[in-house]
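Engineer: Chain by chain, the residues run as shown.
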Amino acid sequence: MDRGHYKIFLGMAAGVGKTYRMLQEGRAEQEAGRDVAIGYLEPHKREETSAQAEGLEVIPRRRVVYRDVEVEEMDLPEVLARNPELALIDELAHSNPPGLEHGKRYEDIADVLAAGIDVYSTVNVQHLESLNDRVAELTGVTVRETVPDSVLGTADEVVLIDLTPEALVERLRTGKVYPGENVDAALNNFFRIENLAALREVSLRQVAEDVESKRLTLHLDEPLGTREERVAAEVPKAVGERILALVRPQPSSQRLVRRAWRSAQRLGTGLDLLWVKAPGKPIAGEEERQVTALRQLASVLGATLLIEEHDDLVAAAARVVRERGITYLMVGESLPPTGFGRLREPLPQRLMKATPAGVDVRIVAHRSNGEERND
Amino acid sequence: MIEHFLVGLALLLGLCGGYLIARSRLRGKRSERPQEVHQILLPFTGTEISRRAVDAALRLAKAEQAMLMPAYLAAVPKQLPLDCAIPAEAAKAMPMLEAIEQRATGQGVAVDARIERGRSYRHALRRLLGQESFDRVVVSAGATGAAGLSGDDLVWLLEKAPAEVLILRPGPSDESRVAAA
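Listed in order, the protein sequences are those of chains A and B. No gaps in the numbering here: position 215 of the first sequence is 215 in the working numbering, and each next residue is one more. Count along the second sequence from 1, add 375, and you get the number used in the working numbering.
For reference, chain A alone in the conformation it holds in the complex (with noise of 0.2 Å):
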């Protein structure tokens, strides 16, 4: 049986609209004679949402007596037992209460897709596990209910419901979000113009990302074959940068990473660093103490330490750039090359030629007294 195809709304925080354009778009499947059913809806209230859900199928939820509380959550064996062409199951990020099948409603939502069965979903950025810690610095707000970034991988489709930090306020100044008696504790607390902000760009960015990396699985799964498609395949990569550091366990590497991380900031992207160390050599001494320094460096300002056994640095840095849609690469300045070295083409030149078409080197000149080669 093929799995059904999962869509997933993903907003920026509550009363964007997620539900509402997931119920429209069930509506819209239904109109088109498909069988749609909502497996779990929450309207919180909101006249606009529930007015999107009539005329569609309603599950019954079942009750659960939770902390001697009774609560009404989405009954999965129904949903199956049901069948229906499409579910509408709001609000993935969700935990149930201990009993039910499963701890989380994505492994709700993945059960139903395994059943063949389409499923739209809706989620708010907070949720994801790796932008938690963000959010939450930028917002004072901690959220609990998180689920792995991979969830939003295994969609087909994930759809951003954007509204400008302005409009939200709107909306929930005019009672549309929270019923009146909430508004003003939300308008001072999360729904802030600089926390819906930063939200806005967290969302955009993961958005951005998904497509990115969406776009890097085809490209690497499925090679194109014409002249047309291999032009079209080239276009967005100059649209998301991505930059590679090459650095070494040494303290004159922080300054490259410094110069990597600032026009990583600037460029609004992802910073790798990697380094290549000689396969079978074990990691020890003042260099396993450099290497803690950069793993901490790069925890701090959120990049990724890759670090990959080869002994071709060029080649190594080429596969790295391939896999990683890298489009800067960042290397240390190397001293005037002496004996045979001076053979050898320079390590520049040696990366453009083993990088793909388009990938921009840049040389970081460095302070140090000591002396220090990148290869």
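Source of the hints: derived by calculation from the structure; they are not laboratory data. Mixed in with the good hints there might be a few duds.
[Unchecked claim] Far from chain A, some chain B residues (derived; all Cβ distances over 10 Å):
1) His-498
2) Arg-511
3) Leu-532
4) Ala-538
[Stated by the list, open to error] Derived Cβ-Cβ restraints for the label pairs, each shown as a range:
5) Ala-385/B to Asp-360/A: 40 to 50 Å
6) Ser-334/A to Glu-439/B: 27 to 37 Å
7) Phe-380/B to Arg-324/A: 49 to 59 Å
8) Glu-345/A to Val-540/B: 48 to 58 Å
9) Gly-389/B to Pro-279/A: 45 to 55 Å
10) Thr-304/A to Ala-463/B: 18 to 28 Å
11) Ser-495/B to Glu-42/A: 48 to 58 Å
12) Gly-103/A to Arg-494/B: 24 to 34 Å
13) Glu-345/A to Arg-494/B: 42 to 52 Å
14) Asp-360/A to Ile-377/B: 53 to 63 Å
15) Thr-480/B to Arg-324/A: 40 to 50 Å
16) Leu-381/B to Thr-292/A: 52 to 62 Å
17) Arg-61/A to Pro-462/B: 34 to 44 Å
18) Gly-483/B to Pro-279/A: 30 to 40 Å
These numbers were taken from a predicted model, which means no experiment stands behind them. For glycine and all other residues, C-beta sits at the position ideal for the given N, C-alpha and C.
Since the structure of chain A is provided, determine the placement of chain B on it from the hints.
Structural biologist: Same frame as chain A, but now just chain B:
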């Protein structure tokens, strides 16, 4: 006769080649750290640091051929994991570390910078002291205050740091700061 000449030439070329290879490898293995590693820690918080503290640390490092470790201390809020990325703090630390490194390089002092996270500045300092070994810690009393290391922190440092602690009290006219450009 010609055979002897050719054998001699081959030997000479071999010796020259061997010398060049050995020299090249020796150069490659030279570390930028001094052979006997001395380290001087220069912890700081915020976006400026007393120039006297930086200069004192540099003078000591130069005299003792020691590595200077300027360390930006970052306090991570309790609701975040201690090992989380802190880009906002990093953005403050980077230009400072760059400025210190620039001054150090001008005086021929090697630098190995750090950004250390902790629940408080003292916690960050304690983590750093636990991870690295130092001969001296140079800290500016002038940089203390609500936003930086407190008087209690300095007392703690004097009691607990397994190194010589140099606390600089700036003079009344000392307004110089190394600040991010």
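Engineer: Each of the hints needs a verdict: does it hold here or not?
Structural biologist: Evaluated hints:
1. His-498: Per Cβ check, His-498/B is outside 10 Å of chain A; nearest 15 Å; holds.
2. Arg-511: Per Cβ check, Arg-511/B is outside 10 Å of chain A; nearest 18 Å; holds.
3. Leu-532: 21 Å, holds
4. Ala-538: 17 Å, holds
5. Ala-385/B to Asp-360/A: 40 to 50 Å: Holds, at about 47 Å.
6. Ser-334/A to Glu-439/B: 27 to 37 Å: Once the Cβ atoms are compared, 30 Å apart, the range 27 to 37 Å for Glu-439/B and Ser-334/A holds.
7. Phe-380/B to Arg-324/A: 49 to 59 Å: With a Cβ separation near 57 Å, Phe-380/B and Arg-324/A satisfy 49 to 59 Å, so the hint holds.
8. Glu-345/A to Val-540/B: 48 to 58 Å: For Glu-345/A and Val-540/B the Cβ distance comes to about 51 Å; the hint holds.
9. Gly-389/B to Pro-279/A: 45 to 55 Å: Hint violated: Cβ distance 29 Å, outside 45 to 55 Å.
10. Thr-304/A to Ala-463/B: 18 to 28 Å: Taking Cβ atoms as reference, Thr-304/A and Ala-463/B lie about 19 Å apart, which means the hint holds.
11. Ser-495/B to Glu-42/A: 48 to 58 Å: 40 Å, violated
12. Gly-103/A to Arg-494/B: 24 to 34 Å: 30 Å, holds
13. Glu-345/A to Arg-494/B: 42 to 52 Å: Between Glu-345/A and Arg-494/B, where Cβ atoms are some 50 Å apart, the hint holds.
14. Asp-360/A to Ile-377/B: 53 to 63 Å: Between Asp-360/A and Ile-377/B, where Cβ atoms are some 56 Å apart, the hint holds.
15. Thr-480/B to Arg-324/A: 40 to 50 Å: With a Cβ separation near 32 Å, Thr-480/B and Arg-324/A fall outside 40 to 50 Å, so the hint is violated.
16. Leu-381/B to Thr-292/A: 52 to 62 Å: 55 Å, holds
17. Arg-61/A to Pro-462/B: 34 to 44 Å: 42 Å, holds
18. Gly-483/B to Pro-279/A: 30 to 40 Å: The hinted range 30 to 40 Å holds for Gly-483/B and Pro-279/A, with Cβ atoms some 36 Å apart.
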